[in-house]
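Q: Each chain, letter by letter, is given below.
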Amino acid sequence: GDSVTQMEGPVTLSEEAFLTINCTYTATGYPSLFWYVQYPGEGLQLLLKATKADDKGSNKGFEATYRKETTSFHLEKGSVQVSDSAVYFCALRWSTGNQFYFGTGTSLTVIP
Amino acid sequence: ETGVTQSPTHLIKTRGQQVTLRCSSQSGHNTVSWYQQALGQGPQFIFQYYREEENGRGNFPPRFSGLQFPNYSSELNVNALELDDSALYLCASSLPIAGVLETQYFGPGTRLLVL
Numbered sequence: 001g002d003s004v005t006q007m008e009g010p011v012t013l014s015e016e017a018f019l020t021i022n023c024t025y026t027a028t029g030y031p032s033l034f035w036y037v038q039y040p041g042e043g044l045q046l047l048l049k050a051t052k053a054d055d056k057g058s059n060k061g062f063e064a065t066y067r068k069e070t071t072s073f074h075l076e077k078g079s080v081q082v083s084d085s086a087v088y089f090c091a092l093r094w095s096t097g098n099q100f101y102f103g104t105g106t107s108l109t110v111i112p
Numbered sequence: 001e002t003g004v005t006q007s008p009t010h011l012i013k014t015r016g017q018q019v020t021l022r023c024s025s026q027s028g029h030n031t032v033s034w035y036q037q038a039l040g041q042g043p044q045f046i047f048q049y050y051r052e053e054e055n056g057r058g059n060f061p062p063r064f065s066g067l068q069f070p071n072y073s074s075e076l077n078v079n080a081l082e083l084d085d086s087a088l089y090l091c092a093s094s095l096p097i098a099g100v101l102e103t104q105y106f107g108p109g110t111r112l113l114v115l
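Protein sequences, first through last, are from chains A and B. Just so we're aligned, residue 1 is where the first sequence starts under our numbering, counting upward by one. Just so we're aligned, residue 1 is where the second sequence starts under our numbering, counting upward by one.
Calculated from the structure, these hints are not laboratory results. It cannot be assumed that every hint is accurate.
To be verified - Listing some non-contacts, in silico: residues in chain B with all C-beta distances to chain A over 10 Å:
{"#": "1", "residue": "His10"}
{"#": "2", "residue": "Gly56"}
{"#": "3", "residue": "Ser73"}
{"#": "4", "residue": "Ala87"}
What the hints assert, rightly or not - Listed below are the simulated SDA-like cross-link pairs for lysine to any residue, each with C-alpha atoms no more than 25 Å apart in a straight line:
{"#": "5", "chain 1": "A", "residue 1": "Lys52", "chain 2": "B", "residue 2": "Gln44"}
{"#": "6", "chain 1": "A", "residue 1": "Lys60", "chain 2": "A", "residue 2": "Ser83"}
{"#": "7", "chain 1": "A", "residue 1": "Lys49", "chain 2": "A", "residue 2": "Ala27"}
{"#": "8", "chain 1": "A", "residue 1": "Lys49", "chain 2": "B", "residue 2": "Asn79"}
{"#": "9", "chain 1": "A", "residue 1": "Lys56", "chain 2": "B", "residue 2": "Gly99"}
{"#": "10", "chain 1": "A", "residue 1": "Lys60", "chain 2": "B", "residue 2": "Thr103"}
{"#": "11", "chain 1": "A", "residue 1": "Lys49", "chain 2": "B", "residue 2": "Gly3"}
{"#": "12", "chain 1": "A", "residue 1": "Lys49", "chain 2": "B", "residue 2": "Pro108"}
{"#": "13", "chain 1": "A", "residue 1": "Lys52", "chain 2": "B", "residue 2": "Gly99"}
{"#": "14", "chain 1": "A", "residue 1": "Lys60", "chain 2": "B", "residue 2": "Asn55"}
{"#": "15", "chain 1": "A", "residue 1": "Lys52", "chain 2": "A", "residue 2": "Thr24"}
{"#": "16", "chain 1": "A", "residue 1": "Lys49", "chain 2": "A", "residue 2": "Tyr39"}
{"#": "17", "chain 1": "A", "residue 1": "Lys49", "chain 2": "B", "residue 2": "Gln37"}
What the hints assert, rightly or not - Chain B is nowhere near these chain A residues, computed Cβ spacing over 10 Å in every case:
{"#": "18", "residue": "Thr51"}
{"#": "19", "residue": "Asn59"}
{"#": "20", "residue": "Glu69"}
{"#": "21", "residue": "Ser72"}
{"#": "22", "residue": "Ala86"}
{"#": "23", "residue": "Ile111"}
Cβ coordinates follow ideal geometry from the N, Cα and C atoms, glycine included.
Starting from the given sequences, assemble the full structure and let the hints guide the process.
A: In structure tokens:
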């Protein structure tokens, strides 16, 4: 069945370091791909999305490119800040339905 | 414009009891999805309601049921609670465009503990 596999955490980085969180998926058809973020004490928020192969989603300095050939949607940021500390979830939505499948989440802590 | 709200924020029940969780969707949104998020895991899709009808269901037993009201608010009911039902229950509202649900707005969740 459809599934999302995320890089296990937790991840701890120093401020201004480069971030990569890996995400790969298994799906039939052509899913839409998403990154959600959950800040401490808050609900899930959409960070970025891509709906077809080679699309790049971007927001708040984060980027992810939909790679169909490697079935991946890795999240990257060139210079992380303390305020980026949160749990990040990769998710997909099947192309012919509205059900979302989430990865297990990757906890990121950025230290000054 | 108000966001998605959920009540209660926390709840403690014992095995075998029944629970009702509530969700108010964002203004103008006609679709509500419910998720279960166990500790250290990602959200798992329970079911979705669109205009008061169930519109998709995940791999959850029938003792998980729901309702959507004319104002698009929603309830999640769980009967015969089990210890493994302890989790954060998330509600997400959305407005499909041409039948496609691209963006969901999540509430803060209800944390349920079953003893």
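Q: For each hint, tell me whether it holds in the structure or not.
A: Outcome of the hint check:
no.	hint	result
1	His10	13 Å, holds
2	Gly56	5 Å, violated
3	Ser73	17 Å, holds
4	Ala87	13 Å, holds
5	Lys52/A to Gln44/B	24 Å, holds
6	Lys60/A to Ser83/A	11 Å, holds
7	Lys49/A to Ala27/A	16 Å, holds
8	Lys49/A to Asn79/B	36 Å, violated
9	Lys56/A to Gly99/B	23 Å, holds
10	Lys60/A to Thr103/B	17 Å, holds
11	Lys49/A to Gly3/B	21 Å, holds
12	Lys49/A to Pro108/B	21 Å, holds
13	Lys52/A to Gly99/B	17 Å, holds
14	Lys60/A to Asn55/B	33 Å, violated
15	Lys52/A to Thr24/A	15 Å, holds
16	Lys49/A to Tyr39/A	18 Å, holds
17	Lys49/A to Gln37/B	21 Å, holds
18	Thr51	7 Å, violated
19	Asn59	12 Å, holds
20	Glu69	24 Å, holds
21	Ser72	17 Å, holds
22	Ala86	14 Å, holds
23	Ile111	22 Å, holds
Checked against the numbered hints listed earlier, the structure breaks hints 2, 8, 14, 18; every other hint is satisfied.
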